[in-house]
Amino acid sequence: MSDTKVKSRKGTTAKDLNVKPVYLESGLEVNPVYTAADIENSGIKNEMPGEYPFTRGIHPTMYRNKPFTIRQYAGFASPEETNERFQFLIKNGQSGLNVAFDLPTQCGLDSDDPRAFGEVGRVGMTVDTLKDFEIAFKNIDLDKITVSLTINGTAIILIAMYVAMAEKAGYDISKLRGTAQNDILKEFIGRGTWIFPVDKSVKLVVDTIEYCAQHVPKYSPVSVCGYHIRESGANPIQEMAYAFCIAKAYTDGALSRGIDIDDFASRLSFNFDIYGNLFEQIAKFRGGRRLWAKIIREEYHAKKDSSCWLRMIAGGGGGGLTKEQPENNIVRSAYYALISALSGTQTMALCSYDEAYTIPTEHSAEISLRTMQIMIHEMGICDTVDPLGGSYYVEAMTDLFEKKIKEEMKTVEKWDGIINAVATGKIQESVSRQAYEREMGMQTGKVDKVGVNIFTREEEAKDVEFHPYNQKAADDQVRKLKKIKSERNIENVKVRLAAIKKDAQDNKNLMPSIIAAVKEYCTVGEIVDAMKAVYGEFKEPIFF
Amino acid sequence: MKVLLAKPGLDGHDVGVKVLAHGLIDAGFTVVYSGLRKSIEEIVQIAIENKVDIIGLSILSGTHILLSQRMKEVMTERKLNIPWFVGGNIPPNDIDKLKKLGASKAFATGSKVADVVTYFNSIHVPA
Chain A
1 MSDTKVKSRK
11 GTTAKDLNVK
21 PVYLESGLEV
31 NPVYTAADIE
41 NSGIKNEMPG
51 EYPFTRGIHP
61 TMYRNKPFTI
71 RQYAGFASPE
81 ETNERFQFLI
91 KNGQSGLNVA
101 FDLPTQCGLD
111 SDDPRAFGEV
121 GRVGMTVDTL
131 KDFEIAFKNI
141 DLDKITVSLT
151 INGTAIILIA
161 MYVAMAEKAG
171 YDISKLRGTA
181 QNDILKEFIG
191 RGTWIFPVDK
201 SVKLVVDTIE
211 YCAQHVPKYS
221 PVSVCGYHIR
231 ESGANPIQEM
241 AYAFCIAKAY
251 TDGALSRGID
261 IDDFASRLSF
271 NFDIYGNLFE
281 QIAKFRGGRR
291 LWAKIIREEY
301 HAKKDSSCWL
311 RMIAGGGGGG
321 LTKEQPENNI
331 VRSAYYALIS
341 ALSGTQTMAL
351 CSYDEAYTIP
361 TEHSAEISLR
371 TMQIMIHEMG
381 ICDTVDPLGG
391 SYYVEAMTDL
401 FEKKIKEEMK
411 TVEKWDGIIN
421 AVATGKIQES
431 VSRQAYEREM
441 GMQTGKVDKV
451 GVNIFTREEE
461 AKDVEFHPYN
471 QKAADDQVRK
481 LKKIKSERNI
491 ENVKVRLAAI
501 KKDAQDNKNL
511 MPSIIAAVKE
521 YCTVGEIVDA
531 MKAVYGEFKE
541 PIFF
Chain B
545 MKVLLAKPGL
555 DGHDVGVKVL
565 AHGLIDAGFT
575 VVYSGLRKSI
585 EEIVQIAIEN
595 KVDIIGLSIL
605 SGTHILLSQR
615 MKEVMTERKL
625 NIPWFVGGNI
635 PPNDIDKLKK
645 LGASKAFATG
655 SKVADVVTYF
665 NSIHVPA
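For the protein sequence lines, the chains are A and B, in the order given. Just so you know, we're using our numbering here: the first sequence kicks off at 1 and counts up by one. Just so you know, we're using our numbering here: the second sequence kicks off at 545 and counts up by one.
Mixed in with the good hints there might be a few duds.
Claimed, not checked - Here are the simulated lysine to aspartate or glutamate pairs, EDC-like style, with alpha carbons at most 20 Å apart:
(1) B/Lys656 to A/Glu437
(2) B/Lys656 to A/Glu458
(3) A/Lys446 to B/Asp659
(4) A/Lys323 to A/Glu459
(5) B/Lys582 to A/Asp112
(6) A/Lys323 to B/Asp659
In case anyone wonders, no lab produced these hints; they're calculated from the structure.
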């Protein structure tokens, strides 16, 4: 990187004041004091919230009008249990639902697949067929609640199910809202639930964008995740830069289908991570929001302001939480929530304090929910827009972050673009080395972590509340799948699966044929196999 | 000493296993990495082909007991005597269960790289 600090007036740097230099995780140096001189050249003085380039927030009144959406992660074993959990969360004042899925669903395996043994319903809800969606969302008003599907490798199938379910229930899909994570490029960097080769995987994401732009215009088909990239070891600058490169790859794909930038850019959303230095994160979001607006307007020539908005879900990152003294995580998460609100997030989700070692319990999830509610109702966080706007330090860092994220995006261009950088493992290699260095910094005490390397105490190895694996629920799921398979019209199933293959061969958008297939209760595994027959599978480059 | 680090099952969380890989290399070990979503049979095959001295299974989805049962079966079937260990989200109560299944050690999340290295150095590798 080139210069890593702002050009400050005399007498304000660490050197001037004879104090030890301080560096952020991103490598940027922090002055002991900032003054008006540090933001002399910044355009921020004339910028209003809700005005391009949106440094201060995407809406003029932000939370004064309506607080950020609270959306906690939920999803337990069976669709029946998930439905109960949803009812509980809605009763407790939650306005959005975030659904987690089990690994077989994420990897495109049915519950009765031998490779799914022991995993059915373990880390989220199982989906074999549309029936599971119909059970999970029973008596839930899709007009009042926004549902976010945390799914990637099989996202096109689950979005198709959501649309099919809504259609069958009589909703007007042109008004249907919701979000899918559907960011497959980040799965190749972290988390690893890829299925198809990189280019085909991106093609499927673009299929969903195209279909939604034409038929479900209020649905957000993609949430680009800097989150997992940072959890895999990227620093805050790389988190934003790689996420923007990924978002640009999907955007380029959509444009190549002849879709107008203004017909889909406003439906793109982002999912970012929060842990570490408070001011660094805020500058990351404000600088990133400004840069993204400029990219969409200057490079893609979007006319509508809403196309330029960096809409985001930003919550507490698991990477900052510790297994040691886990109650400290409640405090950390409250700070992360504060960072998120001060950064102008649209949606907030916090990790629960026990998430460092298990899936949240009802109790720990409630503490997260209350943390956000306390901030909204007791702390005055919604009263005024962008309360840190104009702070010499925050604005100087915001400017620097905008510049640094842009530089890092150029590095990806040097790797022949993000798709190539991911397929060859260039990004994975660099972030995994950083993850190692960060971990060693913590383990050797170079980086302070309360309860881990400072202020530690002897802790008894207490047994944590771990969701026991529910073999009975898994067996029930397999039985239910058998029953559906025996009741459906097998001829129709065959026709629908053949149609998917044909559309894949003809390089057509697969959404229509998948929607038709799920309505006939074709399974996730059957649909994935039909696609694999044409697309093949990703061959993972082995390195670390 | 040659170590195979492996990811059995469907869990794709590989930050920890890669951190350990870097740590072991810096400590002078040779590391072979399996990549994601390998079956126990595939992992054992990779171990044999690469003539590794020890096998590490990284499991974060909670399937450690099931996968270790399978590991015990496959190691017995193939009459192998390679020491193996488990790392990941392991509740303290499960550590003894894993040892009974034949794991020589279990490292829960939060374990220090240095402790793993010390442990590996203490293992006697049959010539």
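Between B/Lys656 and A/Glu458, does the CA-CA distance stay at or below 20 Å? holds (16 Å)
Check whether the Cα positions of A/Lys323 and A/Glu459 lie no farther apart than 20 Å. holds (11 Å)
With a cut-off of 20 Å on the C-alpha distance, tell me whether B/Lys582 and A/Asp112 pass. Cα-Cα ~18 Å, so holds.
Compare the distance between the alpha carbons of B/Lys656 and A/Glu437 with 20 Å, and conclude whether the hinted pair is satisfied. Distance of about 13 Å is within 20 Å: holds.
Given the proposed pairing of A/Lys323 with B/Asp659, does the C-alpha separation stay at or below 20 Å? Between A/Lys323 and B/Asp659 the Cα gap is close to 17 Å, so the pair holds against 20 Å.
Straight-line alpha-carbon gap A/Lys446 to B/Asp659, limit 20 Å: holds (18 Å)
Every hint from the earlier list agrees with this structure, and none is contradicted.
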